[in-house]
Amino acid sequence: MGLGLLASRALRSSRIIRNSTRTIVSTPELKNADAAAAAAAADAPSDLPKRNPVGGARVHIPNPDDVIEVFVDGYPVKIPKGMTVLQACEVAGVDIPRFCYHSRLSIAGNCRMCLVEVEKSPKSVASCAMPALPDFVLSSNSGLVLLVLVENQLKYSHCISAEKAVYMHQTHDLQGPRMKIKTDTPIAKKAREGVMEFLLMNHPLDCPICDQGGECDLQDQSMAFGSDRGRFTEMKRSVVDKNLGPLVKTVMTRCIQCTRCVRFASEVAGVEDLGMLGRGSGEEIGTYVEKLMTSELSGNVIDICPVGALTSKPFAFKARNWELKGTESIDVTDAVGSNIRIDSRGPEVMRVVPRLNEGCPSFRADLKLDLTSTLPDINEEWISDKTRFFYDGLKRQRLNDPMIRGADGRFQAVSWRDALAIVAEVMHQIKPEEIIGVAGKLSDAESMMALKDLLNKMGSNNIFCEGNGMCPNADLRSGYIMNTSISGLEKADTFLLVGTQPRVEAAMVNARIRKTVKATNAKVGYVGPAADFNYDHEHLGTDPQTLVEIAKGSHPFSSALKNAKNPVIIVGAGVFDRDDKDAVFAAVDTIAKNNNVVRPDWNGLNVLLLNAAQAAALDLGLVPESDKCIDSAKFVYLMGADDVNLDKLPDDAFVVYQGHHGDRGVYRANVILPASAFTEKEGIYENTEGCAQITLPAVPTVGDARDDWKIVRALSEVAGVGLPYDSLGAIRSRIKTVAPNLLEVDERQPATFSTSLRPEVSQKVSATPFTPAVENFYMTDAITRASKIMAQCSALLKK
Amino acid sequence: MVHMARNMRVPPNSASLAEAKKRTLEFFRMCCRSIPEIMEIYNLYDVVSPSQLRSAVAAEVRKNSNVTDPNVIDMLLFKGMEELKNCVDHSKQRHHLVGKYVVGNQGLVQDLGHKDQGSSNFLRNFYSSNYF
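Line order of the protein sequences matches chains A and B. Once you know that position 424 of the first sequence is 424 in full-length UniProt numbering, the rest is easy, because the numbers rise by one and skip nothing. Once you know that position 52 of the second sequence is 52 in full-length UniProt numbering, the rest is easy, because the numbers rise by one and skip nothing.
Just so you know, these hints were derived from the structure itself, not from any lab. Just so you know, not all the hints are guaranteed correct.
Restraint ranges, calculated between C-beta atoms of paired labels, are given here [to be verified]: (1) B:Ser-120 x A:Lys-788: 53 to 61 angstroms; (2) B:Ser-120 x A:Leu-743: 19 to 27 angstroms; (3) A:Ala-407 x B:Gly-99: 56 to 64 angstroms; (4) B:Ser-128 x A:Gly-409: 30 to 38 angstroms; (5) A:Pro-208 x B:Asn-64: 51 to 59 angstroms; (6) B:Ser-120 x A:Glu-682: 50 to 58 angstroms; (7) A:Ser-733 x B:Asn-125: 14 to 22 angstroms; (8) A:Glu-348 x B:Ser-128: 20 to 28 angstroms; (9) A:Pro-724 x B:Asn-64: 43 to 51 angstroms; (10) B:Ser-120 x A:Thr-590: 24 to 32 angstroms; (11) A:Glu-425 x B:Gly-99: 34 to 42 angstroms; (12) B:Gln-93 x A:Pro-347: 42 to 50 angstroms.
Just some of the chain B residues that point at chain A, by a computed CB distance under 8 angstroms [unchecked claim]: (13) Phe-28; (14) Phe-78; (15) Ser-119; (16) Ser-120; (17) Leu-123; (18) Tyr-127; (19) Asn-130.
In this text, a Cβ means the ideal position worked out from N, Cα and C, and glycines have one as well.
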């Protein structure tokens, strides 16, 4: 708890004096706040130990003229202009209690918990909404008088004439006119205690049955800053619970009207579903009409709710937060690679929450601040509903024993020894060119490397990753990653989306685009089938002909691209499966060339991938020798591949399925080799922007399952073509010789060459319209298809 | 015999190595005398013979043949006595004895290794568990 500092100070000072008369206010010195303040001022601290900013933040000030200095509890701090008092306090290492303030949302200033005392201000101020001023504003008896003093020189006066201002300057003692913020004075403490008492007046005392218990801001702050008793004896108010769908559980009586969820829904999620109804004690949060929250980011309101009003419905009454073990890992349900924390209890994943940059100060992006966190800025602190709630799929439909399909068509559990022996035997009876390997969408880089090495040793080079199409172009890395980077999208002012619907393909990228559109009014042009967007966009067309028009400059949108300073083109990975993909990419390249999209200082040409494995597969060169290899295959090794089209596969082909879920791939399989899911293994995944990240094992494997790369390694030895690595370290050094960028974990590796090096293509674009790449946002892979919660969500989606 | 084992108690410390040796021999004899009863109560006839059990006990004693400190020998004797008492009192179950004195310290499941002959450490570990 970052509030520990203040809390301990509050507790320490409360023990100093004990008056014989007991009052409601538990801190006796607060009874006479003014006198205590005067006493405190008398013994000003002389030598102050150095304090570090909250969360170890560094302040970057691009323009030295914009520096101002304020005093926080007597410590001088240098901050850039435009910061609030609360942020100044955080730079000074003081964490201010707050409920309504959230660093990634707009400022509401309605909870009043962050009140601090500012010298020469008549009242305590709400620090989250008050800008830190270079020089302080005075108010005199004759109305508002503004004296702006810079370095003790009168620079500007307002409301009064200059002579009068000079007179005022001379008559008032204005030495050291820096803003002096005081956070631990009796006035500030009394203010917090009072706010706390008001908040608790109508808050139910149901912490023992509340799911937020243990991680509740209200609970923590009432322990730290609240009074030990309340004066409220009437009935508490109660509010009717709202139905927000299968994901968010509401107990609206607990709501303290901080409006974080309302601001989140309208600012980040882009749905105007939630609002504030009523006034005074009748005030409540709701949807006004009975309506579900239809956003793919709705689960984030659970995290931002400071109390237990909005909690997770699937997690309700399942566990307490102190029983859970958190493992910082990576989400693999889409290509974004959101940073998540997997909370587990024993062998069970209990919930998934976004990784918070713990204790990171509340700085907004517009303030040019550098967070020391080394984590790549991928998903801010939001995650999509799929990422948050698919975890129950990890407990269903799991494969736990090696199995062989018998003559009667039924699977029979066998030992690993027998299963591997049979696979190895069959593999040797088949001609090398008839062996193919398919990596699934959830495969990690290590296992793909091992599978490729195994197949190459067997003499086959037909290996590919599903989703990349049958003839992917892996030569130029810039041709398949997001060159702008996800956080770089915020600098763009014009977007052209080609055959991609980011809202369902990569919800976090969509949130970034929406943020940019909201902040800078960036233009968005979209080419593709009719789709749902939560920001203003122009639907330019549905087929690639539109691209040719834009490339020629005959389309109205091309002028917008031409005038853009930082244009961004995003091509969806669904295009990889089109027959005319080379022509589409050529048209996109022409557009990029004509509009200066790729410059030394800006690369706006992007591909938005769909699956977690795609980028690493292309980096490792998982490209099939022939695009018709499935038609003639006799031995297929599916490594978690469920969505590959096997219709053309000959009936006598032998199919090995290695994976963790009994999903589509298993129906055709002859042998099943159970593998561990991403929550159970350590593996490298590269996201769509080219940033390699590592998952960590949170729970043990199920049954007799093994890690993917170990299965491939063991099979290679049984087949007599032993792979030369026995450990994760050894396989990673093998990866280093193929794609060294995969070992630069948590650091985005930009592509070196631009796509302008691509050879000319003579192919013509077809008139076939683009098709949606993701049919159902909630069910895209084996784990999400096994999830009950995702099934409920998709049922609602269809309605 | 039974009451003798039941009334076992801690004797005073051995004064010399010779006395400790004598006590060890006495303890070993006591074990040998209880073996028929142990065979009976744990129904061990089909898995082991009395002579095999005797050599198992002797091997346990010989394991500590290098110990020369009388105090340490006394301590080991005490532990042996405790074990013997547990066996005689039927405080153990059959598999405890089978595991410890019949199959030996390798455990109940013995990998004879004829299948994995010539395979690497990796493969042997792979067959036994995912965590290595």
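Hint check results:
no.: 1; hint: B:Ser-120 x A:Lys-788: 53 to 61 angstroms; verdict: violated (42 angstroms)
no.: 2; hint: B:Ser-120 x A:Leu-743: 19 to 27 angstroms; verdict: holds (25 angstroms)
no.: 3; hint: A:Ala-407 x B:Gly-99: 56 to 64 angstroms; verdict: violated (40 angstroms)
no.: 4; hint: B:Ser-128 x A:Gly-409: 30 to 38 angstroms; verdict: holds (31 angstroms)
no.: 5; hint: A:Pro-208 x B:Asn-64: 51 to 59 angstroms; verdict: holds (57 angstroms)
no.: 6; hint: B:Ser-120 x A:Glu-682: 50 to 58 angstroms; verdict: violated (21 angstroms)
no.: 7; hint: A:Ser-733 x B:Asn-125: 14 to 22 angstroms; verdict: holds (20 angstroms)
no.: 8; hint: A:Glu-348 x B:Ser-128: 20 to 28 angstroms; verdict: holds (24 angstroms)
no.: 9; hint: A:Pro-724 x B:Asn-64: 43 to 51 angstroms; verdict: holds (46 angstroms)
no.: 10; hint: B:Ser-120 x A:Thr-590: 24 to 32 angstroms; verdict: violated (54 angstroms)
no.: 11; hint: A:Glu-425 x B:Gly-99: 34 to 42 angstroms; verdict: holds (37 angstroms)
no.: 12; hint: B:Gln-93 x A:Pro-347: 42 to 50 angstroms; verdict: violated (29 angstroms)
no.: 13; hint: Phe-28; verdict: violated (44 angstroms)
no.: 14; hint: Phe-78; verdict: violated (40 angstroms)
no.: 15; hint: Ser-119; verdict: holds (7 angstroms)
no.: 16; hint: Ser-120; verdict: holds (6 angstroms)
no.: 17; hint: Leu-123; verdict: holds (5 angstroms)
no.: 18; hint: Tyr-127; verdict: holds (5 angstroms)
no.: 19; hint: Asn-130; verdict: holds (5 angstroms)
The earlier numbered hints that this structure contradicts are 1, 3, 6, 10, 12, 13, 14.
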